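Put chain H on the given structure of chain V with help from the hints.
As you go down the protein sequences, you meet chains V and H in turn.
Okay, so the first sequence: first residue is 33 according to the numbering used here, each after it adds one.
Okay, so the second sequence: first residue is 46 according to the numbering used here, each after it adds one.
Hints are computed from structural coordinates only; laboratory data are not their basis.
Note that this is a predicted model, so its numbers are computed, not measured.
Errors might be hidden in some of the hints.
If you want a taste of the chain V side facing chain H, the calculated C-beta under 8 Å gives, among others [to be verified]: (1) Gly184; (2) Glu215; (3) Gln221; (4) Ile222; (5) Asp223; (6) Gly224; (7) Ala225; (8) Pro237; (9) Ser238.
Example chain V residues on the side facing chain H (calculated, C-beta under 10 Å, incomplete) [to be verified]: (10) Pro213; (11) Leu216; (12) Val217; (13) Ala219; (14) Ala220; (15) Gly226; (16) Lys287.
Just so it is clear, CB atoms sit at the ideal spot from N, CA and C, and this is done for glycine as well.
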Amino acid sequence: MSVATQDTAIRTGRIARAMIYLVLVLFALFYVLPLYVMAVNSVKPLSEITGGGMMALPEVWTIEPWLKAWSTAQIGVEPTGLRPYFWNSISMVVPAVAISTVLGALNGYVLTKWRFRWDTILFGLMLFACFIPFQIVLIPMAAVLGFLGLAGSTSGLVLVHVVYGIGFSTLYFRNYYAVFPTELVRAAQIDGAGFFQIFWRILLPSSGPISVVCIIWQFTNIWNDFLFGASFASGDGAPMTVALNNLVQSSTGVKEYNVHFAGAILAALPTLLVYIVAGRYFVRGLMAGSVKG
Amino acid sequence: MGFLDIDNATKSYGAVEVLHRVDISVEEGEFLVLVGPSGCGKSTLLNMIAGLEEISSGEIRIKDAVMNGVHPSKRNIAMVFQSYALYPNMTVGQNITFGLEMHGVPKGERETAMAEVAKLLQIEQLLDRKPGQLSGGQRQRVAMGRALVRNPDVFLFDEPLSNLDAKLRVDMRTEIKKLHQKLGTTIVYVTHDQIEAMTLSTRIAVMNGGYVQQLGTPKEIYDTPANLFVATFMGSPSMNLIPVRVRTEGNAVYAVTQNSQGQEISLTFFQPSDRLRSYDGQEIILGIRPEALTDVEGADQRSAHVERLENMVAVTEPAGSDTFVTTTLGGAECVARMRSDADVVAGKQTVFAVNMEKAVVFDPTTEQRIL
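Isolated chain V, as found in the complex (with noise of 0.2 Å):
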């Protein structure tokens, strides 16, 4: 890629510059303001908030209601704050994530590598589950969660999101796949390399780009997943969005916003975390192959 230098832009006069600018900063100013309004209010005493006053900074800086929505917080029957309901999201959100981009990576291999009567109708399929609207498949994932045993319970969750994860890592690895070199996999099999030790030892390490791509994508759509959640999961069992919901809409006792609000954030801060870790990764893996070089 290269860099646009100062001279090849259409020089602006310096009045018109500001004002590009100005607009910007305002732009940048209202989208970063929910996110202000959130913090803000998440580090106040309730009084402050129910006193008006929803943009003004705090007078009394407290982290009172973030420790309240973290562990103490009613939310199912005892007042545990929404901590075992972030354990329940991780532990249905690293296996789900780990396993969908695995196979995703495997499906990849074999429909560009090892080519075959029908792959590219099967790989057809593959994408279509990626527009199967969520709703739909409700009733008959019930059904077969229930026949499975699963009904309720983390690892069925964790079914639902890799079955619902595949057709999108199977795309990004396929297209990842497409551009790799077919010498390579040659080479390798004179070489000797069976199937999957050509997987393991010259795919796999030459995937981290698209491996970062998947990933996140997969963590985001899983960890902000609510309706799934709502419907197999019950209880204690449920994940971070759905407990989030609970402490929100519950209709007993005063409305705690500054604790909603810190839940809110505690809700949202694995997916930033992750984009911030490994976001450059996942700009460089959606554009790969598309520039030479």
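Only chain H this time, still in chain V's reference frame:
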């Protein structure tokens, strides 16, 4: 029975046959080059020997063992690919020993074999680098090292030099030839470059349209091409093809054609065959290599039969070592290779010497050489 036998091998994709009954027997230590334009089936044939593509019918045998259906890794072959196909995530050393590792060779033996090959190819200082940090020529060496280390029965090269720049290509060509002379291994080498084919091979198979057009030593292919395709494909600049009419007068047989002014001229054939005599009065194609059409001083002094003719020079192209002169004979544009300081001027008449001993003739309808 040769060392590597390709016996009536055919390849078809569905109903389309892309290789037709290829029959080649390679002796141990031979350097066979498969040469032809793209799409002629040469790479397909190489992949069939390697076991990367199935054989539709016929047989391929290495050391008398039938290879049809045998896995590539069990054929005891090694292959150097056009893109080198070095594993990008492994160091040079790991690249070289990967095949041995997959074949379960113990670590100690692997290290010894790697050191030996690295010394032979002078890549010892590169062993810890990744392929991405190497230049084209170094990658080429590593790719050869990976092939050599296995000590295979047959080496397969798939256009290994086509990704290198012109100078490096010539250097590596010489190195490959040296390596072959030193190790005496059996090599099958695919290229589209006829100069590589001529310089490297002990035998050449010229392929086109899925057929082997001619199989022979470089000299046979160059001097006595079997048909018009081989004649034009091999040699640069390619062979001059001049339409002539055959005229017999007693023992002598003449090729009658026109010079650049359209006047009739005739050249006497050297030792004409009876087949050629039977073409009396018919049109045929006379093939003369550029170096057999030259200035009088540059003509081959040992040739038994050199004819002279005066003709108009259309263009001169000084190339340093030679001067290429374009002229017209029988309406066809011809290239003559003259000495670099030959006295020729574009637009002037000059005397050309035609080495008729080297002339070949082709039937214009069958395109086969008239023996």
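Each hint tested on the structure:
no.	hint	verdict
1	Gly184	violated (43 Å)
2	Glu215	holds (4 Å)
3	Gln221	holds (5 Å)
4	Ile222	holds (5 Å)
5	Asp223	holds (4 Å)
6	Gly224	holds (3 Å)
7	Ala225	holds (5 Å)
8	Pro237	holds (4 Å)
9	Ser238	holds (6 Å)
10	Pro213	holds (6 Å)
11	Leu216	holds (5 Å)
12	Val217	holds (9 Å)
13	Ala219	holds (4 Å)
14	Ala220	holds (7 Å)
15	Gly226	holds (8 Å)
16	Lys287	violated (55 Å)
When each numbered hint is compared with the structure, violations occur for hints 1, 16.
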